[in-house]
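Participant: Here is what each chain is made of, one letter per residue.
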Amino acid sequence: MSLIELHQLSGAWAMNALDDNENKAFEQHLRECESCAAEAAELRETAARLGAVTEHAPPPALRARVLAVAAQTRQLPPATPPSETRASAVLAERRWLKRLGVLAAAASVLAAVALGTQAVRSNNELSREVDALRQVTAEYNQLAALMSSPGATTVSRSVEHGGTGMAVYAPSQNKVLFLAGGLPQLPADRSYQLWVVAADGPQSAGVLPTGGKLPPMVMEALAGTEKLALTVEPRGGSKGPTTAPLVVLPLAV
Amino acid sequence: MELVRPRTAESVPEQVGPELLEQVARGDQAAFGRLYDLMSGKVFGLIRRVLRDEAQSEEVFQEVMLEVWRKASRFDTALGSPSAWIMTIAHRRAVDRVRSAQAAGDRDVQAARLEVDTPFDNTSEQAASRLEQRQVRRCLSFLTSLQRESVLLAYYQGYTCPEVASLLRIPLGTVKTRMRDGLIRLRDCMGVSA
Ligand SMILES: [Zn+2]
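The listed protein sequences derive, respectively, from chains A and B. For the first sequence, the numbering used here begins at -15 and goes up steadily by one. For the second sequence, the numbering used here begins at 10 and goes up steadily by one.
Don't read these hints as lab results, they were simulated from the structure. As the structure is a prediction and not an experimental result, all values here were calculated from the model. Ideal Cβ positions, reconstructed from N, Cα and C, are used throughout, including at glycine. The reader is advised that the hints may include incorrect statements.
What the hints assert, rightly or not - Taking lysine-lysine pairs in the DSBU-like style, the calculated list, with each CA pair at most 35 Å apart, reads:
1. A:LYS8 x A:LYS159
2. A:LYS223 x B:LYS80
3. A:LYS159 x A:LYS223
4. B:LYS80 x A:LYS8
As the list claims (entries may be wrong) - Derived Cβ-Cβ restraints for the label pairs, each shown as a range:
5. A:PRO171 x B:GLY42: 22 to 32 Å
6. B:ILE179 x A:ASP4: 19 to 29 Å
7. A:PRO193 x B:ARG146: 30 to 40 Å
8. A:GLU18 x B:ARG35: 29 to 39 Å
9. A:GLU18 x B:ALA113: 38 to 48 Å
10. A:GLU16 x B:SER175: 30 to 40 Å
I would like the entire structure built from these sequences, with the hints used as guidance.
Facilitator: Next comes the structure, spelled out in structure tokens:
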């Protein structure tokens, strides 16, 4: 199968419509092709939404049966044997790289400048990041393009209890970039969670990772996006904000 | 802060959070009961939609829920949402069952699969996810008819690419690209970020 053909398989893969050979070939390809890996993960998430609309309650008697059998069934240990979850692990790794690592390498330099946090970074760290930048020129260009795109606006506010939050809104690309620096460490059972707030309410943009430097987050600006807000939530995040925001970053419309 | 009000229970049905799955992974049976209550309707509904057979759906449903229990520790938030992980397991098991029944020449399953219909016409389906239904329906309407048919046949009927190609009388390569651009269009419309 040609490379061009392989790049086309993400949709069929996400809907389990490939035969076994194609499935193997595509999962192998996911290990090598970052853009397919990111796309495949998103399309699987999209397909799952299709599955959530045919809701139909199972016969009530099944509940007790399933729970009883579960109570007797040994669970798999957390360590993942590579054979079973290799494709998944690769997906996770790719996405982590794409969404956090690569952009972190690129943008933490910008963030350091923008937020004045480089006092805490050694020259070594910076030069390693610059090296990383060279390796990921494409991603860096994408980020730079975001920040310099027509109509892009930047807003920076101090965060209650400490730190700074900054948003870059690039309307021509329909993207928002969020950066934070100097946020106080939270107790182990709490997480910072970012929200994209539109007229119909907040949508989670994800939980900020704990420890070390905070990677920037890039998200789609949904129709009607008005602001970003950062709250403290129980560890792992909430489905809706449960505390008052520590900082609200209005995005110029 | 007025603009950051929590969404009401009415507008967004409660979701399985990563922390609930973590509790399940630690063997917490009460947490598994809560997960069951949140997901069983969606899981069973999807399996039933794909299989069109009550008895087989009940069997596959129990297998799926047990797989979720057994493999909860293998869930990784970096892979997407817990509910997408669960629905992927459900869809995979349902299409595997359809295909093995088909390979074994099970005529009932084959006959049922020929009844192509839309995913939303069944009045017995619960209204709990009405908002999600409306969004999916609206977003499906933005697809071209080939994209829409390809996606619906593959996802809700469990058809393979060659089956969709022969049913729609279009080349196999076209089916694959229509599935891809169809899902991409849905992703953008629904604002999905994995
Ligand atoms: Zn590719």
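Participant: Of all the hints given earlier, name the ones this structure violates by number, lowest first.
Facilitator: Those not satisfied: there are none.
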